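Trainee: Next come the chains, spelled out residue by residue.
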Amino acid sequence: MAKFDLNDDTVVVVIGSGAGGGTLSNELAQKGINVVCLEAGKRLTLDDIENDWGTMFGKLSWTDKRIGTGALNPDLPLWVCKTVGGTTVHWAGAALRFQDHEWKAKSTYGDIPGANLLDWPVDANEMERFYSMAEDKMGVTGRQGIPQLPGNNNFKAMLAGAQRLGYTKVHTGNMAINSEPRGGRPSCQQIGFCMAGCKIGAKWSALYTEIPAAEATGHFELRPESMVLKINHDSSGKVTSVVYVDKEGNTHEQKARIIAVAGNSVETPRLLLNSASSMFPDGMANSSGQVGKNFMRHMTGTVYAILPQPVHFDRGTQMAGIVQDEAHHDDSRGFVAGYEMETLPGFGLAGVASNTIAGAWGREYAKDIEMYDHFAGMWLVGEDLPQEQNGVTLHDSQKDQYGMPVPVVHFEDHPNDTAMRNHAFKRGSAIYEAIGATKTFELPPFPSTHNMGTCRMSADAKDGVCNPTGQTHDIPNLYISDGSQFTTSAAENPTLTIVSLAIRQAEKIAERMNAGEI
Amino acid sequence: MKGKSINRRQFLQTSGYAVAGAAAIGSGAVVIAADGAWALSTTTLDQHAAMTLLRVSRMLFPHDFLGDQYYAKVVEALDAQAANDPAMATQIRDGIAALDSTRDGIAFLDLSDGYAEDAIGSIEGTPFFGTMRGATINNLYGNPLVWRFFGYEGSSWQQGGYLHRGFDDAGWLDAIIESEA
Ligand SMILES: Cc1cc2nc3c(=O)[nH]c(=O)nc-3n(C[C@H](O)[C@H](O)[C@H](O)COP(=O)(O)OP(=O)(O)OC[C@H]3O[C@@H](n4cnc5c(N)ncnc54)[C@H](O)[C@@H]3O)c2cc1C
Ligand code: SF4
Chain D
1 MAKFDLNDDT
11 VVVVIGSGAG
21 GGTLSNELAQ
31 KGINVVCLEA
41 GKRLTLDDIE
51 NDWGTMFGKL
61 SWTDKRIGTG
71 ALNPDLPLWV
81 CKTVGGTTVH
91 WAGAALRFQD
101 HEWKAKSTYG
111 DIPGANLLDW
121 PVDANEMERF
131 YSMAEDKMGV
141 TGRQGIPQLP
151 GNNNFKAMLA
161 GAQRLGYTKV
171 HTGNMAINSE
181 PRGGRPSCQQ
191 IGFCMAGCKI
201 GAKWSALYTE
211 IPAAEATGHF
221 ELRPESMVLK
231 INHDSSGKVT
241 SVVYVDKEGN
251 THEQKARIIA
261 VAGNSVETPR
271 LLLNSASSMF
281 PDGMANSSGQ
291 VGKNFMRHMT
301 GTVYAILPQP
311 VHFDRGTQMA
321 GIVQDEAHHD
331 DSRGFVAGYE
341 METLPGFGLA
351 GVASNTIAGA
361 WGREYAKDIE
371 MYDHFAGMWL
381 VGEDLPQEQN
391 GVTLHDSQKD
401 QYGMPVPVVH
411 FEDHPNDTAM
421 RNHAFKRGSA
431 IYEAIGATKT
441 FELPPFPSTH
451 NMGTCRMSAD
461 AKDGVCNPTG
471 QTHDIPNLYI
481 SDGSQFTTSA
491 AENPTLTIVS
501 LAIRQAEKIA
511 ERMNAGEI
Chain E
1001 MKGKSINRRQ
1011 FLQTSGYAVA
1021 GAAAIGSGAV
1031 VIAADGAWAL
1041 STTTLDQHAA
1051 MTLLRVSRML
1061 FPHDFLGDQY
1071 YAKVVEALDA
1081 QAANDPAMAT
1091 QIRDGIAALD
1101 STRDGIAFLD
1111 LSDGYAEDAI
1121 GSIEGTPFFG
1131 TMRGATINNL
1141 YGNPLVWRFF
1151 GYEGSSWQQG
1161 GYLHRGFDDA
1171 GWLDAIIESE
1181 A
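Protein chains in written order, with my numbering: chain D, 1 to 518; chain E, 1001 to 1181.
Isolated chain D (complex conformation) (with noise of 0.2 Å):
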């Protein structure tokens, strides 16, 4: 294990060890190429790891003040995690490739009235090759040669019901998780808990694969508990350092010759907006004023269903599962883009007492609680539209425990998000309807944890922040290295994609500092 000079300016700094972040501090560390990543969480181990919900929340989440509004829950708009391998800790595996059109969302769903939208400047085609390293890395199933998980009862109540609907697109889902030893990581025992993170670690995550990997190379140094809280820069314009607070409350500075930004899609502008300076008064990277915005965090909400018989949706894999028949674009269902369906159980009993119907109690829903191990349950996740005023800005005078403001996040859906969600529940809900079930439910969206394009690419510097490699159009050493840089959200779960697109970026590094430029 390397350990690096503070002062020592020729290091990459990453900040954040999650999709993003630890997958670019590996892919680079891999290449020779020297890198301190700096992550705000603490380092756990599969020890550490429960089967227990509400345990797993405290030890895992995000839970530094934020101000969500509009549709966002105030206490907490996000859920996220603040612990080495980020939140692909708590993440469900779900591994899918955006489809082609996605990648060109404006010029395939046209002008659409409060959508700030934009084709990526990257297409199907260039990112082909990405996809598949990130697929084989991973350990994607159905694909790479790699057998798909068997499905489980909620998967089961899911395709008996889409069957007599006629969709034909069913199938358990391509997820991140060993559906055979792979990796020197064991396969899935189905035990239950993937979002409470994997027990065994047949789940991918970069806590237990890429940082483990960076760290037997020799030239990579994790800091955890190391809070970034500003970039610093030179007169030239270059980013030279950041400044962190490390566990005991000391503050450093470390030099860098790149500084790549991986924080998840609200810490991230946070960081570049607490980094203004009278050379970048709004912030940095800033110039085109889109740090910040367009955040979008995919069109999502949950159907319940009491079947007539037990399902007990809870064991095994947890969205091993997926109806992908209304993923497509089809406007002719009253909404542009589509969604899929993929499968989620409660988060134990208390969890589906608790969200089933927000505010429920008395006789009539005790009953139905009851009913717990006949329940059957779907998430829908769909494309939802950039929009400007969807964002993160910096509140004027609350601080968090660093002495950092605290970032306030906006969100409200726009009306081809409610036209999509409308659709979906209604085809959740017919799907157990199909086989009998008694009673449905539709949960709104919960806190969101698919966060995206609030750095977003651009082909035009004046429209985004960053560049196809996800370099800064403003400042060609820092670069954005996680969901941030989505110029839109495709229908799909977006983690694929955001190693995907690190895996590219290290090979572009990786080129442009030999090639000196950077």
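To be clear, the hints were calculated from the coordinates, so they are not data collected in a lab. Treat the hints with caution; some may be incorrect.
As the list claims (entries may be wrong) - SDA-like cross-link-like pairs, simulated, lysine to any residue; straight-line CA separation at most 20 Å: (1) D:367 x E:1113; (2) D:439 x E:1145; (3) D:367 x E:1062; (4) D:238 x D:516; (5) D:367 x E:1134; (6) D:59 x E:1154; (7) D:367 x E:1145; (8) D:31 x D:515.
Quick caveat: nothing in here was measured; it's all calculated off a predicted structure.
Model the placement of chain E with the ligands on the given structure of chain D, informed by the hints.
Mentor: Just chain E with the ligands now, with coordinates in the frame of chain D:
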């Protein structure tokens, strides 16, 4: 549970419960089921408060197959919160006062079931209602001892997950899938 010695002869008989302990408001109470099967002890909430919260908690999520000992856990958790947080103690005291004043001053504990439901309905949306619903969900449905009544199976990795324990055992769904295929 906080250890508090109980003199069995001091019990107050209220609707099936024996209530004992210091009578002074705000200094806690011990409630013992009439059959002695379980007890509830509080340090901050008096017995009127404890009994009121017990009834509210059951009426929020009534399950006839669950004895009061499970709902008592909710009251103990609220008592602990009130003991640590004066604002919470005030919220609970005021919430109980509101419940006691919905029907011409008839105490919530004396209200008929229908009137009691109306009383809870009248506080919906208040912070106290949110506290009661949240505490009941966490301490009733979050109690591993009640899970088996609902078929929630809890932690599974110690038993090797469900790979060999029925993750795909819903035969009735297989029958539908085969008939549609
Ligand atoms: C319950 C749940 C289920 C999910 N399921 C899926 C799924 O099935 N499929 C899918 O594709 N996606 C899923 N996701 C989303 C997925 O986890 C995220 O898309 C992905 O992890 C985002 O990667 P990232 O690199 O942008 O950020 P993260 O993985 O969140 O990593 C960011 C890291 O940066 C650190 N950090 C932030 N700010 C700072 C700072 N200033 N200084 C130092 N460190 C900092 C954070 O602590 C964190 O560790 C799920 C998410 C959740 C919560
Ligand atoms: S179901 Fe599989 S992936 Fe999920 S926690 Fe269990 S072993 Fe891990």
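Trainee: The structure should be examined with respect to each hint, and the outcome stated for every one.
Mentor: Verification of the hints:
1. D:367 x E:1113: holds (17 Å)
2. D:439 x E:1145: violated (27 Å)
3. D:367 x E:1062: holds (8 Å)
4. D:238 x D:516: holds (15 Å)
5. D:367 x E:1134: holds (18 Å)
6. D:59 x E:1154: holds (18 Å)
7. D:367 x E:1145: Roughly 19 Å separates the two Cα atoms, so the pair holds.
8. D:31 x D:515: holds (15 Å)
Hint violations for this structure: number 2 only, all remaining hints satisfied.
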